[in-house]
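Protein chains: 2
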Amino acid sequence: METEMPSIFSAKRTSFVRTSVIREILKLTVENSDILSFAGGLPNPNLLPKDVLHTVMESVVKENISTAFQYGDSSGYLPLRTGIANRLTDVSWSTPEAITITHGSQQGLDILGKMFMDSDTNVLLEDPVYLGALQAFSPYNPNFFSVPIEPDGPNLYWLEEIVSQNKIHVFYVNPSYQNPSTYTWSLEKRKQIAKILDEKEIILIEDEAYMYLDFSGIVYPSVSSFRKRSDLTFVLGSFSKILSPGFRLGWTVVPEVYRSLFTAIKQGNDLNSNQFSQVVVSKLLNVLDWKGHLHSIQKFYSDKKETLVSLLKENLPEARFSIPEGGMFLWVEYPQVSSKEFMDRCLASGVAMVPGSEFSPASRSSSYFRMNFSFLENEDLELGVKRITKVYRDINT
Amino acid sequence: METEMPSIFSAKRTSFVRTSVIREILKLTVENSDILSFAGGLPNPNLLPKDVLHTVMESVVKENISTAFQYGDSSGYLPLRTGIANRLTDVSWSTPEAITITHGSQQGLDILGKMFMDSDTNVLLEDPVYLGALQAFSPYNPNFFSVPIEPDGPNLYWLEEIVSQNKIHVFYVNPSYQNPSTYTWSLEKRKQIAKILDEKEIILIEDEAYMYLDFSGIVYPSVSSFRKRSDLTFVLGSFSKILSPGFRLGWTVVPEVYRSLFTAIKQGNDLNSNQFSQVVVSKLLNVLDWKGHLHSIQKFYSDKKETLVSLLKENLPEARFSIPEGGMFLWVEYPQVSSKEFMDRCLASGVAMVPGSEFSPASRSSSYFRMNFSFLENEDLELGVKRITKVYRDINT
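Chains as they are written, first to last, in numbering that gives the first Met the number 0: chain A, 0 to 396; chain B, 0 to 396.
Calculated from the structure, these hints are not laboratory results.
For clarity, every value in this text was computed on a predicted model and none was experimentally measured.
The beta carbon of each residue, even a glycine, is placed where N, CA and C say it ideally should be.
A couple of the hints might just be wrong.
Below are the DSS-like pairs computed for lysine-lysine, each with C-alpha atoms no more than 27 Å apart in a straight line [what the hints assert, rightly or not]:
| # | chain 1 | residue 1 | chain 2 | residue 2 |
| --- | --- | --- | --- | --- |
| 1 | A | K11 | B | K199 |
| 2 | A | K61 | B | K290 |
| 3 | A | K61 | B | K298 |
| 4 | B | K11 | A | K166 |
| 5 | B | K61 | A | K26 |
| 6 | B | K61 | A | K303 |
| 7 | A | K61 | B | K26 |
| 8 | A | K49 | A | K61 |
Stretch by stretch, here's where chain B covers chain A in the computed footprint (C-beta under 8 Å, at least three residues) [as the list claims (entries may be wrong)]:
| # | stretch |
| --- | --- |
| 9 | 20–28 |
| 10 | 41–51 |
| 11 | 64–78 |
| 12 | 98–106 |
| 13 | 110–122 |
| 14 | 129–143 |
| 15 | 240–253 |
If we take Cβ atoms under 10 Å as the criterion, some of the chain B residues that face chain A in the derived model are [unchecked claim]:
| # | residue |
| --- | --- |
| 16 | S19 |
| 17 | H53 |
| 18 | M56 |
| 19 | Q69 |
| 20 | L77 |
| 21 | F115 |
| 22 | A135 |
| 23 | Y139 |
| 24 | L242 |
| 25 | S259 |
| 26 | Q266 |
| 27 | V278 |
Input sequences plus hints: build the corresponding full structure.
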C-alpha cells in the first residue's frame, strides 16, 4: 500500500535538505568491512583510557543516579558547563551560564540556523566548507556567499569585496585545521577579520571543534577572542575529537541577549542533552590528566599524519597537498582524473575517500578529496594508498 | 558591550518559538530544593535496577568500546532498532529498517515538523495538547486546528466537522494516558479515527510515549495499527518513562517513502544519536526481565496515583479530576480561583504545578492544572497537597 512520496505533504524546505556522501560511505563501510575508509572523520576510540572510564561509570551508577538518569536543565548540566568554561574556551565572556550543552557541535549549528536564517538571510561560508554546516543551514534556505580560503585563512581581498557589496548577516568559520582543507588561519588574519566583522556588525559562528588538535600542542586564540562585539559572537566546541564521539556532546558559547531564545529552541529540538553522558564527561574532565590526555591525542594524530604523508609521497608523488598543522585530515588534489570516475573506481577497489564536491555549497566538481588518517591502522593506511595508487595509474595509462 | 537583541538578525520563525513553563519550573526546583514539584514529568530514577545497570556498563566498556565510543549510523544502532521492532511497537510494518533512533521522542516531533510544516500547512492537535509538540511545531508556524478530547478520545462530531471543512495535512495525537489530560482513546474511537484518516489521506503522528504505563498492564493497540495507509503513519516511542530519561533516547517508525528524507534531516540536526547510550540500552533490553520490569513500573505508578487521589479527596474535595488508567499525571480542575493567582501563590508557598494554559495552542486560560505523582516521595505528596489546600482555602475565604 506504499505510494510515491506525495509532494504536497512535504514542507518546501525539504527540497533544500542535503544528504551526506560521508554518512552514506560510513554506512557502506559498516556493512562491508573489506572497504578501507579514509572517508569518515572518525577519531580512534582506543585513545580513551579504559580504566578511567570504568571507574567513572562505576561512580556514576553508585553516586549520581538521581541526576544522571533524569531529565535535566535544557541549557546543560552545570558542573559540565563549569568544566568547559574553566578549561576549554578562551573568550573572556564564557561563563558557565554562557555555555549551552548540545548534542555535538552539529546541533549548535542547527539551532543557530533555525535562529538566524530566513530565505533572505545572507550567510557567508568558507570555500570549501564543512559539510555538516551545509546540512544544518540548507533547510532554512539562506542565500549562501562564499569566500575562498588559502593556507593562512580567507582571501582578504574577496572578503572585503563581499562584505562591502552585500549586507552579510552571518559568517560561519572553522579557523583551525579546517575540515576539509586543513588550513589554519594565521594570527594576523584572525585579528583583521575580527575587526572587519565588528565594523560590519556581522554575526560570527566560529566552529572550533578541532581547536585542541594541533600536532605541536599549540592552541591558537579563537577569532572570537579578538572581537569587541561579543553580543554577535557564537563559539562552538565539541568533545567528539578530544574525548569521544560516542558521548555526542558539544557546546555553544551564547551571548547573553540570545540565551533564552537559544535555550527555547533547544527545548523544542530535544528538551535537554543526554544527562547520563553529561555526568560521565564532567567527571572525566575532573579525573583525567587532561594535559597528558590531549598530548597523547596530539601525538597519535601527528604520527598518523606522518604515516599517510610518507605513503602518498612514496607511492603517488602526483598527489598534491599542504602539510596540515593539526586535525585528522589531508586535503589531497589528484590531478588529471575525473573525480567521479576516480571515486567510483576507488570504491569498487575497496577504498573510500570523500570527493571535494561535497564541501562546496554549489556542489561544484573538484579534483580534491578529503582523506582521514586517524582511523585506519597503519597497515590499512598502506594498503589503502596502494589501492588508490593502482586506480590512479589504471586511469592514467 | 551587550546591546538589545537586534531583531533584524533573528529569523522570522523565532517569533513563534514557545518557551515552556515546565522547564522553567524544573530549573526553579533544581535551584530551590524547598519547592515541592508536581510540575515535571519526571519518572523515578530508582526504578532502574542498579546491579543490572552496573553489569551492562562494565560489559560496554570491556566489549563494545569501538562501537559505543564512535560515530554511528544516522538512523540508529541496528541491535537497538531490532530490539524495539521485536518488543516495543505493534504496527506490522515496524521492521528494524523502519525505526529511526532519536534524542527522545521530542526530536522525532522536531524532525516531523521540519519535514511537513510550512506556514500554510493545516495541523490538527488535540485540545489540550502535549506542550512539547507545540514547542517542536511552532517555529515552523503551521495553521493549528484543535479538536476537544473527552475521556474516551476526540469528540467525533468536531473531528468530522474539521476534516470535512478543511484540508488537514497532519493530525498529532497522544492516545494513551494523554499528557496532560490523562484521557485514553477507546478501542472503538481508535478504529473509527484510523478510518477517517485513511479516507481523508491525513498524515498521523502518533505519540505513544506512555503506551506501556497502564496501571493494570493493558497495552492498547495503537491507532496506527488500524490504519491501511501505513505510508502516511508515523509512530513515536520513548525510553524515558520505561527505562530512564537520562539516556535521552526515543524512536520514530518511519514509512518507507519518507525514510531517506527523515534520516537526512536527522543528520543535519545532530549527525546521529548518542552511540554510548544506544549500546547500553540495547544491552539492557536483552538482559532485563522486561515483563517484570514493566510490571514493577506500572505497580509503582499505580500506587503513587492512589496516594495522590486519596490525598486530594481527603484534603480538597473541591478539586475535580477523572481517575486515569495509566501514566504519571492527574489533570485537576480547581474551580473558583483565578489560575494565575492560584499558580503564583502556590509557588510562593513552595509548591509547583503546571497551569492548563500551557497545553492550549492559543495559551487560553484554564482552571486545570497538571499534577505529576511519580516523582515526589509520599510524605512530600502529602505536604504538597496540604500546601495547595491552604492556598486554595486562603483564596476562597
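For this session: Double-check A135 of chain B for me: the hint is only fine if its C-beta lies closer than 10 Å to a C-beta in chain A.
Result: holds (5 Å)
For this session: Verify the interface restraint on V278 of chain B: the C-beta must sit less than 10 Å from at least one C-beta of chain A.
Result: Given a least distance of 8 Å, the restraint on V278 of chain B holds.
Problem set entry | Straight-line alpha-carbon gap K61 of chain B to K26 of chain A, limit 27 Å | Measuring from Cα to Cα gives roughly 24 Å; hence the hint holds.
For this session: Verify the proposed pairing of K61 of chain B with K303 of chain A, using a straight-line Cα cut of 27 Å.
Result: holds (25 Å)
Exercise. Are L242 of chain B and chain A close enough, Cβ to Cβ, to be under 10 Å, as the hint says?
Worked result: Since chain A brings a Cβ to about 9 Å from L242 of chain B, closer than 10 Å, the hint holds.
Problem set entry | Check of the stretch 98–106 of chain A against chain B for coverage (Cβ-Cβ below 8 Å, three residues minimum) | Coverage by chain B holds here, the residue count being 5 at a Cβ distance below 8 Å.
For this session: Measure nothing beyond the straight line between the CA atoms of K11 of chain A and K199 of chain B; if it is 27 Å or shorter, mark the hint as holding.
Result: Satisfied, since the Cα-Cα distance of roughly 22 Å is no more than 27 Å.
Problem set entry | Given coverage of the stretch 64–78 of chain A by chain B, tested with a Cβ cutoff of 8 Å and a minimum of 3 residues | holds (count 8)
Exercise. Going by Cβ atoms only, is Q266 of chain B closer than 10 Å to chain A?
Worked result: holds (6 Å)
Problem set entry | Cβ contact check, 8 Å cutoff: the stretch 240–253 of chain A against chain B, three residues minimum | Check passed, 5 qualifying residues.
Problem set entry | Evaluation of the interface hint that places S19 of chain B against chain A, nearest CB under 10 Å | holds (6 Å)
For this session: Verify the interface restraint on L77 of chain B: the C-beta must sit less than 10 Å from at least one C-beta of chain A.
Result: holds (9 Å)
Every hint, counting from the list given before, is met by this structure.
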